[in-house]
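Read top to bottom, the protein sequences are chains A and B. Residue numbering for the first sequence follows my numbering, beginning at 1 and increasing consecutively. Residue numbering for the second sequence follows my numbering, beginning at 1 and increasing consecutively.
These are computed hints drawn from the structure, not numbers from a lab. Computed from a prediction, not measured in an experiment: that's the story for all the values here. Be careful, since some hints might not be right.
Unchecked claim - Partial selection, computed: residues in chain A whose CB lies under 8 Å from chain B:
1. Thr11
2. Ile13
3. Arg15
4. Thr47
5. Phe48
6. Ser49
7. Pro50
8. Ser51
9. Pro76
10. Ser77
11. Ala80
Claimed, not checked - In the DSS-like style, the derived pairs of lysine-lysine whose C-alpha atoms are separated by at most 30 Å in a straight line are:
12. A:Lys7 <-> B:Lys104
13. B:Lys143 <-> A:Lys6
14. A:Lys92 <-> B:Lys104
15. A:Lys6 <-> B:Lys91
16. B:Lys162 <-> A:Lys92
17. A:Lys91 <-> B:Lys160
Quick reminder that beta carbons are idealized off the backbone N, C-alpha and C, glycines included.
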Amino acid sequence: MIIELKKFGTTLISRQTGREAFSALQAILRDIKEDEKIEIDFDGVLTFSPSWGDEFLTPLLNTYGERLTLKNTENPSVQATLEILQKIAGKKFDTIKG
Amino acid sequence: MDNQDKNLITIGEAAELLGVSIMTLRRWDESGRLLSVRDKPGGHRYYRKEDIDVFLNDLFQLAKDWAIYEKEIPEQYYCQNSGVFQARITKMETLMIQNKDANKLFSLLTSIAGEIGNNSYDHNLGQWPDIPGIFFAYDLNKKQIVLADRGVGILETLRKVKPELKDHAQALQTAFTEIISGREPEARGNGLKYVRSVIAGNPINLVFQTGDAKLILNGNSADLNIENVSENIRGCIALISF
Numbered sequence: 001m002i003i004e005l006k007k008f009g010t011t012l013i014s015r016q017t018g019r020e021a022f023s024a025l026q027a028i029l030r031d032i033k034e035d036e037k038i039e040i041d042f043d044g045v046l047t048f049s050p051s052w053g054d055e056f057l058t059p060l061l062n063t064y065g066e067r068l069t070l071k072n073t074e075n076p077s078v079q080a081t082l083e084i085l086q087k088i089a090g091k092k093f094d095t096i097k098g
Numbered sequence: 001m002d003n004q005d006k007n008l009i010t011i012g013e014a015a016e017l018l019g020v021s022i023m024t025l026r027r028w029d030e031s032g033r034l035l036s037v038r039d040k041p042g043g044h045r046y047y048r049k050e051d052i053d054v055f056l057n058d059l060f061q062l063a064k065d066w067a068i069y070e071k072e073i074p075e076q077y078y079c080q081n082s083g084v085f086q087a088r089i090t091k092m093e094t095l096m097i098q099n100k101d102a103n104k105l106f107s108l109l110t111s112i113a114g115e116i117g118n119n120s121y122d123h124n125l126g127q128w129p130d131i132p133g134i135f136f137a138y139d140l141n142k143k144q145i146v147l148a149d150r151g152v153g154i155l156e157t158l159r160k161v162k163p164e165l166k167d168h169a170q171a172l173q174t175a176f177t178e179i180i181s182g183r184e185p186e187a188r189g190n191g192l193k194y195v196r197s198v199i200a201g202n203p204i205n206l207v208f209q210t211g212d213a214k215l216i217l218n219g220n221s222a223d224l225n226i227e228n229v230s231e232n233i234r235g236c237i238a239l240i241s242f
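Let the sequences and hints guide you as you build the complete structure.
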């Protein structure tokens, strides 16, 4: 399953909107198969921050672990955010080139 | 005095430019905060366009006036809730993308300003001592972004998870350096570490004050300079320059 983040907005910076996005995602994830991979696509995201990411990506990483992949993460604010989220969670995100 | 003078505007026009009421401008005139010019003693008040520009341009002073001295500020700089802040920071992001001095750094600048501003809302929701919301303003020509809040400050916020903190300087040090784990009662609190790590690798500077402690971070450096200052602020004030 591919989740396009730009469908949640292109300036993804607050906890509040991160939480809203995460709860909207639950409806989408209901149909996911047991071993299906989840690909989060950052294409089109202009600005990203740890507040938003911590509400959305961290719980996905904790639930889906290795089934979760991130792609198109070249944006500098995405890079910097992933770095700190990994430090806080003590786990690495699996990223692939777009 | 000839009010046809192109540089003079009426009090109503000045009020509109500044986003404050005419009553407020009369008070500011009497207190000396923003002086008018009169066509005759006791006559109508007029304002010099350049005085209005100078007043609006000193963003850091305006933020301090509001955060420390509780003075009124132009409405355009006040974001009562995070929805207003989100709209205005998105506008800043768009302007930065179009600006040759800012477009290389736009996503990092928007992201760290977003963290600082949203921190204010996240930590003060339901506890604002007087006025909710933040001051948020930017000047892309001067390459600066200013944020401030009248919240409870970093020390009071962090004492909930680290009661041994003694003063504002220690609180600042913790806020900018220590990762606070998910076991704490609140999941938030790592935004300022992010701000520091971005600044350490980019030509962006920060001055951040809470209580009587001021932190200075210089671009492309991980050094943390914290000093005590005489002017005390209950909440937080931040100046980002690039």
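Comparing the hints with the structure gives:
1. About 5 Å separates the beta-carbon of threonine 11 of chain A from the nearest beta-carbon of chain B, less than 8 Å, and the hint is met.
2. Among the interface hints, the one on isoleucine 13 of chain A holds; its C-beta lies about 3 Å from the nearest C-beta in chain B, closer than the 8 Å criterion.
3. The beta carbon of arginine 15 of chain A is positioned within 8 Å of a beta carbon in chain B (closest approach about 6 Å), and the interface hint is therefore held.
4. The interface hint given for threonine 47 of chain A holds, since its Cβ lies 4 Å from the closest Cβ of chain B, which is under the 8 Å cut-off.
5. Annotation: interface hint on phenylalanine 48 of chain A holds; nearest CB of chain B at approximately 7 Å, less than 8 Å.
6. At its closest, the beta carbon of serine 49 of chain A sits 5 Å from a beta carbon of chain B; the interface hint therefore holds under the 8 Å criterion.
7. Hint status for proline 50 of chain A: holds, given a least beta-carbon distance of 5 Å to chain B, under 8 Å.
8. Interface restraint check for serine 51 of chain A: the shortest CB-CB distance to chain B comes to about 5 Å, inside 8 Å, so the restraint holds.
9. Interface hint status for proline 76 of chain A: upheld, as the beta-carbon distance to the closest one in chain B is roughly 5 Å, under 8 Å.
10. The beta carbon of serine 77 of chain A comes within 4 Å of a beta carbon in chain B, closer than 8 Å, and the hint placing it at the interface holds.
11. With its C-beta approaching chain B no nearer than about 5 Å, alanine 80 of chain A sits inside the 8 Å limit, and its interface hint holds.
12. Distance hint between lysine 7 of chain A and lysine 104 of chain B is fulfilled; the C-alpha atoms sit about 24 Å from each other, no more than 30 Å.
13. For the hint pairing lysine 143 of chain B with lysine 6 of chain A, the CA-to-CA distance comes to about 28 Å; that is within 30 Å, so the pair holds.
14. In summary, the hint linking lysine 92 of chain A to lysine 104 of chain B is supported, as the alpha carbons are separated by about 27 Å, within the 30 Å threshold.
15. A threshold of 30 Å between alpha carbons decides the hint, and for lysine 6 of chain A with lysine 91 of chain B the separation of about 17 Å falls inside it, so the pair holds.
16. Simply put, lysine 162 of chain B and lysine 92 of chain A have alpha-carbon atoms about 27 Å apart, close enough for the 30 Å limit, and the pair holds.
17. Between lysine 91 of chain A and lysine 160 of chain B, the direct Cα distance comes to roughly 26 Å. Compliance with the 30 Å bound is thereby established for this hinted pair.
Checked against the numbered hints above, the structure breaks none of them.
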